[in-house]
Structure formats: structure tokens, C-alpha cells
Amino acid sequence: MGEWLGREYNYTDWRPSQDEFQLLKEIHHAGDVAPDFTLPLLDGGELSLSDLKGKPVVIEFGSIT
Amino acid sequence: MDQLARDYADKAHFVFIYAREAHPDDFPQWPEHKSIEQKFEQAKIMKERHGTPRTIVIDDLEGAVHRKWSGMPNMSWIIDHTGRVFFKAGWTVASDLRAGLEDFFELREKMREGSTGRYYKEYITATPRMRDGSGQPSRQQKETVEPSG
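Chains as they are written, first to last, in the numbering used here: chain A, 10 to 74; chain B, 58 to 206.
Mixed in with the good hints there might be a few duds.
[Unchecked claim] Computed list of lysine-lysine pairs in DSS-like fashion (alpha-carbon distance at most 25 angstroms, straight line):
#1 A:Lys-62 with B:Lys-91
#2 B:Lys-167 with A:Lys-34
#3 B:Lys-68 with A:Lys-62
#4 A:Lys-34 with B:Lys-125
#5 B:Lys-91 with A:Lys-64
[Stated by the list, open to error] Covered by chain B, per the in silico footprint, the following chain A stretches (three or more residues, Cβ under 8 angstroms):
#6 32 to 41
#7 44 to 52
Read the hints as simulated data drawn from the structure, not as lab findings. For clarity, every value in this text was computed on a predicted model and none was experimentally measured. Quick reminder that beta carbons are idealized off the backbone N, C-alpha and C, glycines included.
Turn these sequences into a full structure, and let the hints guide you.
Spelled out as C-alpha cells, the structure:
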């Protein structure tokens with residue numbers, strides 16, 4: 010399994026990551042072109058961010074916990 | 058967030074990117090992902106139990122997209138109609154996003170009326186458990202105005 014900022018990406022125990030917070034502050038500033046992505050839809054098929062141009066897109070990253 | 062998605066269903070797209078489990082230690086019934094199949098299964102259960110009008114997509118097992126967008130556990134973004142970052146927040150607060158959308162549509166109206174400025178907003182917000190160097194909850198707001206090109 011891969012590491013991310015010095016620990017397993019899929020960790021078993023949460024702790025706050027200032028590295029992630031610092032990265033957030035440094036990347037993708039307001040006004041920048043957002044990096045495109047293509048991901049599988051839960052219900053089948055795929056979705057690309059670039060397919061959604063024409064309306065604003067509200068994106069939330071999250072999980073159950 | 059789901060209420061916001063319902064309120065703006067005709068005006069905006071709403072996408073939930075299922076990333077890694079943020080607190081598997083607190084919720085043993087939702088363990089860390091060890092396979093992409095398990096990740097899909099947990100996402101399906103999440104949808105069945107909680108429902109949502111938002112579109113759910115699944116990041117890969119190693120969070121390729123999540124990491125590219127910093128890896129913060131519950132961040133949110135508004136991407137404008139042209140594909141540019143309009144708003145980013147390190148912690149999802151529905152009322153902040155509602156205000157961001159209201160700003161967005163106000164801006165679009167002003168641009169139709171001939172405004173020469175672009176207006177973007179950043180909420181650099183940490184998770185509630187994170188603190189900045191002074192021990193205060195990390196939060197700051199920055200507004201950026203750029204001349205139109």
C-alpha cells in the first residue's frame with residue numbers, strides 16, 4: 010500500500026496532518042484552472058470534471074467517518 | 058450539504074468524491090480500505106443508509122485525485138462554469154458553500170452587466186481539531202480580484 014506525506018494513505022489511526030493543510034494552502038488557488046479528473050461513478054460509468062463545464066461544480070471530498 | 062444540493066439542483070452540479078476513511082480508529086465498522094472492491098462496498102452502504110442527491114464518484118485505492126487536491130479529509134471546492142477554482146475550503150461548511158454559490162451567481166450577473174473584474178474566494182480552513190501556531194482554530198479568508206483578460 011502506498012505512502013502519502015510520510016504515512017500510509019489508508020491509515021488505521023487518524024491524526025491531524027499539517028502537511029496536508031500546508032499543501033492545500035499552496036495549490037490550486039482561486040482563479041487557477043482546476044485539474045481535471047475522471048473517476049468511476051458509484052452507480053456505474055465515469056465522470057470527468059471537464060464534462061461539467063457550463064455550471065459551477067461543488068465538490069466535497071469525504072468519507073463515512 | 059444535501060439541502061444545498063437540492064436548493065441549487067438546477068443551477069449547479071454537486072459531486073461527492075469518496076476518499077479514504079478519515080477515522081477508521083473511531084468507527085471499526087468502517088475500516089480503512091484494503092481493496093477497491095471494499096471501497097465501493099462501503100460507498101454503496103453509505104448511499105443506501107444516508108442517501109444523497111449528489112453524484113458520488115470513487116477515488117482509486119491510493120487516493121490519486123484526493124492527493125492531487127491536497128488530501129485534506131473533508132475539504133470542499135467550487136469550480137466555476139469555465140473550470141477555474143472559484144472557492145476552496147479545507148473544511149466543509151455548508152453555509153460557507155451556500156455563500157460561495159451566492160457570490161458566484163452575483164458575479165456572473167455583474168459580468169453580464171459589463172463588470173470588468175473577476176472575483177474568486179478562498180477559505181483556508183482546517184479541520185476543527187487542527188490548530189495554527191498560536192493554538193487557535195486555523196481559519197483565514199482571502200479574496201482575490203483579478204482584471205479580466
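Original post:
Looking back at the hints listed earlier, which ones does the structure fail to meet?
Top reply: 1, 2, 5
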